[in-house]
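Participant: Protein sequences appear in the order of chains A and B. Take 5 as the starting number for the first sequence in our numbering and just add one per residue. Take 11 as the starting number for the second sequence in our numbering and just add one per residue.
It is possible that some hints are incorrect.
[What the hints assert, rightly or not] Covered by chain B, according to a simulated footprint, are these stretches of chain A (three or more residues, beta-carbon under 8 Å):
#1 41-53
#2 94-101
#3 104-114
[Claimed, not checked] Derived pair list, reagent style DSSO-like, types lysine-lysine, alpha-carbon separation capped at 27 Å:
#4 B/66 <-> A/61
#5 A/87 <-> B/116
#6 B/62 <-> A/13
#7 B/66 <-> B/119
#8 A/75 <-> A/61
#9 A/61 <-> A/74
#10 B/62 <-> B/116
#11 B/66 <-> B/116
#12 B/87 <-> B/66
#13 A/87 <-> A/61
#14 A/13 <-> B/116
#15 A/18 <-> A/75
[As the list claims (entries may be wrong)] Now the in silico label distances, taken between C-beta atoms and shown as ranges:
#16 B/63 <-> A/57: 23 to 29 Å
#17 A/11 <-> B/50: 39 to 45 Å
#18 B/121 <-> A/83: 34 to 40 Å
Quick caveat, the hints were computed from the structure, so don't treat them as lab data. For each residue, glycine too, the CB sits at the ideal point set by N, CA and C.
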Amino acid sequence: DGGITQSPKYLFRKEGQNVTLSCEQNLNHDAMYWYRQDPGQGLRLIYYSQIVNDFQKGDIAEGYSVSREKKESFPLTVTSAQKNPTAFYLCASSIAESYTFGSGTRLTVV
Amino acid sequence: GNSVTQMEGPVTLSEEAFLTINCTYTATGYPSLFWYVQYPGEGLQLLLKATKADDKGSNKGFEATYRKETTSFHLEKGSVQVSDSAVYFCALIRPGAGSYQLTFGKGTKLSVIP
Chain A
5 DGGITQSPKY LFRKEGQNVT LSCEQNLNHD AMYWYRQDPG QGLRLIYYSQ
55 IVNDFQKGDI AEGYSVSREK KESFPLTVTS AQKNPTAFYL CASSIAESYT
105 FGSGTRLTVV
Chain B
11 GNSVTQMEGP VTLSEEAFLT INCTYTATGY PSLFWYVQYP GEGLQLLLKA
61 TKADDKGSNK GFEATYRKET TSFHLEKGSV QVSDSAVYFC ALIRPGAGSY
111 QLTFGKGTKL SVIP
């Protein structure tokens with residue numbers, strides 16, 4: 005079955021460390037997205053990519069980085085510059101207005 | 011810019027009660043409108059959508075009508091079940107912006123008690 009896979013489901017990071025969240029899709033979608041979800045804040049766009057080797061900043065890109073070397077993969081790195089990284093991170097892919105979301109990664113800084 | 015405003019939660023209802031979650035939007039042109047649902051610990055699933063004025067989206071007993079004159083897309087269900095407990099997000103995509111970016115409301119948490 006086609007879908008989008010995020011891993012790991014839970015991730016713990018020490019302060020000052022970088023950590024990379026994985027997102028893989030086999031839907032042949034060109035566009036991919038990363039969102040951050042905090043209680044009461046809804047979903048905020050971090051980065052998006054409409055095509056391989058190209059990506060754009062979203063509303064809250066500071067402290068994050070991405071790459072898009074393959075159509076299937078859009079990993080997100082949370083760097084030590086992100087002041088408050090504890091959150092739920094959702095990856096999505098789309099073709100036109102049809103979106104598919106992953107099941108999320110919960111990142112906790114310890 | 012584009013924005014979506016939905017009613018604050020949490021909302022707690024008894025089983026079989028009537029549900030309304032209000033959603034209004036600000037956008038130029040004619041956006042497509044969506045309701046997504048998020049069950050605990052999961053990603054988002056599309057619940058229903060409408061792409062033009064006066065369209066009614068429906069799924070699993072939920073309905074929402076695209077009202078251009080009031081810029082609204084309120085979600086309704088006649089009789090909620092415990093299994094409807096989730097967070098509901100109203101969202102829009104504004105066409106012609108060069109990409110199909112979703113703009114979300116802040117979400118409304120619904121709890122249905124037996």
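Participant: When you check the alpha-carbon spacing of residue 66 of chain B and residue 61 of chain A, does it fall within 27 Å?
Facilitator: It is violated: about 34 Å lies between the C-alpha atoms, which goes past 27 Å.
Participant: Is the straight-line distance between the alpha-carbon of residue 62 of chain B and that of residue 13 of chain A 27 Å or less?
Facilitator: violated (37 Å)
Participant: Can the region 94-101 of chain A be counted as covered by chain B under the rule of three residues or more with Cβ-Cβ separation shorter than 8 Å?
Facilitator: holds (count 5)
Participant: With a cut-off of 27 Å on the C-alpha distance, tell me whether residue 13 of chain A and residue 116 of chain B pass.
Facilitator: holds (23 Å)
Participant: Within 34 to 40 Å: is that where the Cβ-Cβ distance between residue 121 of chain B and residue 83 of chain A falls?
Facilitator: holds (37 Å)
Participant: Under the criterion that the straight-line Cα-Cα distance not exceed 27 Å, is the pair residue 66 of chain B, residue 116 of chain B satisfied?
Facilitator: Status holds; Cα separation ~22 Å.
Participant: Need the status of pair residue 61 of chain A, residue 74 of chain A: alpha-carbon distance at most 27 Å?
Facilitator: OK: residue 61 of chain A and residue 74 of chain A at ~18 Å, within 27 Å.
Participant: Does residue 66 of chain B lie within 27 Å of residue 87 of chain B when you go C-alpha to C-alpha?
Facilitator: Holds. Residue 87 of chain B to residue 66 of chain B sits at ~13 Å (cutoff 27 Å).
Participant: Below or equal to 27 Å on CA atoms is what counts here, so check residue 62 of chain B against residue 116 of chain B.
Facilitator: Cα-Cα ~23 Å, so holds.
Participant: Checking one constraint from the list: CA of residue 87 of chain A to CA of residue 116 of chain B, max 27 Å. Satisfied?
Facilitator: holds (22 Å)
Participant: Are there three or more residues in the region 104-114 of chain A whose C-beta lies closer than 8 Å to some C-beta of chain B?
Facilitator: It holds, with 4 qualifying residues against the three required.
Participant: Given the hint of 39 to 45 Å, check if residue 11 of chain A and residue 50 of chain B actually sit that far apart at their C-beta atoms.
Facilitator: violated (19 Å)
Checked against the numbered hints listed earlier, the structure breaks hints 4, 6, 15, 16 and 17; every other hint is satisfied.
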